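Per the working numbering, the sequence shown starts with residue 1, numbered consecutively.
Hint data in this document are derived by calculation from the structure and do not stem from the laboratory.
Note that the coordinates shown come from a computational prediction; the quantities given were computed from them, not determined experimentally.
Beta carbons are placed, not taken as given, at the ideal position from N, Cα and C, and that holds for glycine.
Treat the hints with caution; some may be incorrect.
To be verified - Computed Cβ-Cβ distance ranges for the label pairs, DEER-style:
{"#": "1", "residue 1": "ASP8", "residue 2": "PHE81", "range": "13 to 21 Å"}
{"#": "2", "residue 1": "VAL79", "residue 2": "GLU5", "range": "45 to 53 Å"}
{"#": "3", "residue 1": "ALA54", "residue 2": "ARG25", "range": "13 to 21 Å"}
{"#": "4", "residue 1": "VAL79", "residue 2": "ALA13", "range": "43 to 51 Å"}
{"#": "5", "residue 1": "GLU78", "residue 2": "ARG20", "range": "34 to 42 Å"}
{"#": "6", "residue 1": "GLU5", "residue 2": "SER42", "range": "28 to 36 Å"}
{"#": "7", "residue 1": "VAL65", "residue 2": "PRO7", "range": "49 to 57 Å"}
{"#": "8", "residue 1": "VAL79", "residue 2": "LEU44", "range": "32 to 40 Å"}
{"#": "9", "residue 1": "LEU6", "residue 2": "GLU78", "range": "47 to 55 Å"}
{"#": "10", "residue 1": "LEU6", "residue 2": "GLU66", "range": "23 to 31 Å"}
{"#": "11", "residue 1": "GLU5", "residue 2": "LYS37", "range": "23 to 31 Å"}
{"#": "12", "residue 1": "GLN55", "residue 2": "VAL24", "range": "33 to 41 Å"}
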Amino acid sequence: MSPLELPDLRRIAGAVARLRGEAVREVTVRSDLRQLKVELASGLMLVVSAERDAQGRPRLEIDVVEPPPDAAARQQIEVRFD
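Construct the complete structure from the given sequences, taking the supplied hints into account.
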């Protein structure tokens, strides 16, 4: 396994630190075991993926995804055709 670069480690640490104190609602693992998704009570999701880059080296991706904005908050215009 190749060592991670310092900026990557800082990004991962920042993403995971953001989740401190969060309650886990659900955990899902892909059938090919390449992705782990942790859904939290606040609506945030932690997504951990393991893939290979173009040179075949393993690459770990960790992202924190925020929930989409509420449909009511999008300020959509409703038009009725009578």
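Violating hint indices (sorted, rising): As far as the earlier hints go, 1, 3 and 7 are violated by this structure, in ascending order.
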